[in-house]
Every structure is written in structure tokens, then in C-alpha cells.
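So the chains spell out like this:
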Amino acid sequence: GQNIDQPTEMTATEGAIVQINCTYQTSGFNGLFWYQQHAGEAPTFLSYNVLDGLEEKGRFSSFLSRSKGYSYLLLKELQMKDSASYLCAVRPTGANNLFFGTGTRLTVIP
Amino acid sequence: GAVVSQHPSWVICKSGTSVKIECRSLDFQATTMFWYRQFPKQSLMLMATSNEGSKATYEQGVEKDKFLINHASLTLSTLTVTSAHPEDSSFYICSATEGQETQYFGPGTRLLVL
Numbered sequence: 001g002q003n004i005d006q007p008t009e010m011t012a013t014e015g016a017i018v019q020i021n022c023t024y025q026t027s028g029f030n031g032l033f034w035y036q037q038h039a040g041e042a043p044t045f046l047s048y049n050v051l052d053g054l055e056e057k058g059r060f061s062s063f064l065s066r067s068k069g070y071s072y073l074l075l076k077e078l079q080m081k082d083s084a085s086y087l088c089a090v091r092p093t094g095a096n097n098l099f100f101g102t103g104t105r106l107t108v109i110p
Numbered sequence: 001g002a003v004v005s006q007h008p009s010w011v012i013c014k015s016g017t018s019v020k021i022e023c024r025s026l027d028f029q030a031t032t033m034f035w036y037r038q039f040p041k042q043s044l045m046l047m048a049t050s051n052e053g054s055k056a057t058y059e060q061g062v063e064k065d066k067f068l069i070n071h072a073s074l075t076l077s078t079l080t081v082t083s084a085h086p087e088d089s090s091f092y093i094c095s096a097t098e099g100q101e102t103q104y105f106g107p108g109t110r111l112l113v114l
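In the order they appear, the protein sequences are chains F and H.
Here the first sequence is numbered in this note's numbering, starting from 1 and rising by one per residue.
Here the second sequence is numbered in this note's numbering, starting from 1 and rising by one per residue.
It is worth saying that the hints were derived from the structure and are not from the lab.
In this text, a Cβ means the ideal position worked out from N, Cα and C, and glycines have one as well.
Incorrect hints may have been included.
To be verified - So, partial list: chain F residues that the calculated Cβ filter (under 7 angstroms) puts toward chain H:
#, residue
1, Ala39
2, Ala42
3, Phe45
4, Asn96
5, Asn97
6, Phe100
7, Thr102
8, Gly103
What the hints assert, rightly or not - On the chain H side, residues computed to face chain F include the following (Cβ under 8 angstroms):
#, residue
9, Gly16
10, Gln29
11, Thr32
12, Leu44
13, Phe105
14, Gly106
Whole structure, please, built from the sequences with the hints as guidance.
Right under this line is the structure:
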């Protein structure tokens, strides 16, 4: 089976840094994705990790440790518009589909 | 690039009617399309995987006779909710990939069954 865990909610201050963790136990692994989803909208792609290490893309970075079944999304210089749900998704081996965690609802406060 | 559209964005229907939702990849050929359902404050649940020219693969617990999926071309997949009931009211989202690449999501279709 697939088990992907994320915190349900987080709150952070504008301008600060926040780290959203994701742990997974899946039958096979072929990549981990992070998506941002604003309320009532479809998810938008943020990052993709398939090898261990840190991937940086502007204010967003994502880290992966395959041996620990662990990833995090790091958001720097938080802006109010970053308030959204952040979804961690794992792609199993030999397939194109994704299994999503429940998502972390981030609220950025002034 | 990598734009996926869905139509309609909103649909309200009476219980017992059928509703068709279209998903199109606008600037790439989608070898695989996925259909998800999302209930309020919950994450996306994969319903089925659709490959062009072949039958869709449904996830456990999803009734294939109720949720008909057709992937007739490399740019179009349709989901038909047959004999819709109020419990089918949800946010339906499709995504598309070209090969083993990233999934790109459509804007979603909000279905309300009265």
C-alpha cells in the first residue's frame, strides 16, 4: 500500500522561512513531487526530486532522502500569496500515476 | 507550455442525469491522462489512469460502469459520470503527461448534483 504523511496545517509569518515535511512508505519509488493548490483551484507543479539531495528553484527548495523515505519543501521569504495547500505526491516504480498525501494547509500571516 | 484544459468548469445537474467532462492537452501529446476526485478539505484521490487507445485502469473502489472514461486521441480524454447522485458532487481534476514526465493538471470541474 501507499502511505504518505504531511502535517495538516501550518502557520508562518510573512518574510519568514517555513519547512513542510513529508514522509512516505510506498511500494516502489520513482520520484517525489510537490504541488501548490489554492482553494478551489487545480494543483500547480512546484518541484520534482528523484535523487537524494536538494533542488532549488527561486524561493522554493525541495529535499529528498530516499533511504529515510523523507522529503521537505522549503519556502523562503514568505509572501501572503503563498497561503495555499502544499501537496506531496509519490510516483511508484513502473507507473505514471501519483499518490498524494493529504496536503498541508499553510497560512501566512502579516 | 504544458497547458491542460477542462470543460466545463462548473456543472449543476439533477440526480439521475449523466455528465460528461472533457480534458484536453493543448500544446503536447498526452500519452497518459489521469482523473482525480477531491472532496472539500481532502487531498486528490486517483480514480483512473487512461492511456490513449486502450481501456482505462480504475483504482480500487471506483466503479468503472459509473465513471466512463474514453481517451480517444492523444489530446482528449473524457469522463462521464453516469446516473449522477448527490454523493458524486465533488471537484474532478484531470492531469496529463507526455511519457514519464511531470503531470500537469487541468483547472478542475466542480460538479454539484441536486
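Hints versus structure:
The interface hint given for alanine 39 of chain F is violated, since its Cβ lies 9 angstroms from the closest Cβ of chain H, which is over the 7 angstroms cut-off. Satisfaction of the interface hint for alanine 42 of chain F is found here, the shortest Cβ-Cβ separation to chain H being roughly 4 angstroms, below the 7 angstroms cut-off. Because the closest C-beta pair between phenylalanine 45 of chain F and chain H is about 5 angstroms apart, less than 7 angstroms, the hint holds. For asparagine 96 of chain F, the suggested interface contact is upheld, since its CB lies about 5 angstroms from the closest CB of chain H, less than 7 angstroms.
Look at asparagine 97 of chain F: its Cβ gets to within about 5 angstroms of chain H, closer than 7 angstroms, so that hint holds up. Because the smallest distance between the Cβ of phenylalanine 100 of chain F and any Cβ of chain H comes to about 5 angstroms, under 7 angstroms, the interface hint for this residue holds. A distance limit of 7 angstroms between C-beta atoms decides the matter here; for threonine 102 of chain F the minimum to chain H is near 5 angstroms, and the interface restraint holds. Because the closest C-beta pair between glycine 103 of chain F and chain H is about 5 angstroms apart, less than 7 angstroms, the hint holds.
Annotation: interface hint on glycine 16 of chain H violated; nearest CB of chain F at approximately 27 angstroms, more than 8 angstroms. The interface hint given for glutamine 29 of chain H is violated, since its Cβ lies 14 angstroms from the closest Cβ of chain F, which is over the 8 angstroms cut-off. The beta carbon of threonine 32 of chain H is positioned within 8 angstroms of a beta carbon in chain F (closest approach about 5 angstroms), and the interface hint is therefore held. Because the closest C-beta pair between leucine 44 of chain H and chain F is about 5 angstroms apart, less than 8 angstroms, the hint holds.
Of the supplied interface hints, the one on phenylalanine 105 of chain H holds, with its beta-carbon coming within about 4 angstroms of a beta-carbon of chain F, less than 8 angstroms. Proximity of glycine 106 of chain H to chain F holds as hinted, the smallest CB-CB distance being about 6 angstroms (cut-off 8 angstroms).
Checked against the numbered hints listed earlier, the structure breaks hints 1, 9, 10; every other hint is satisfied.
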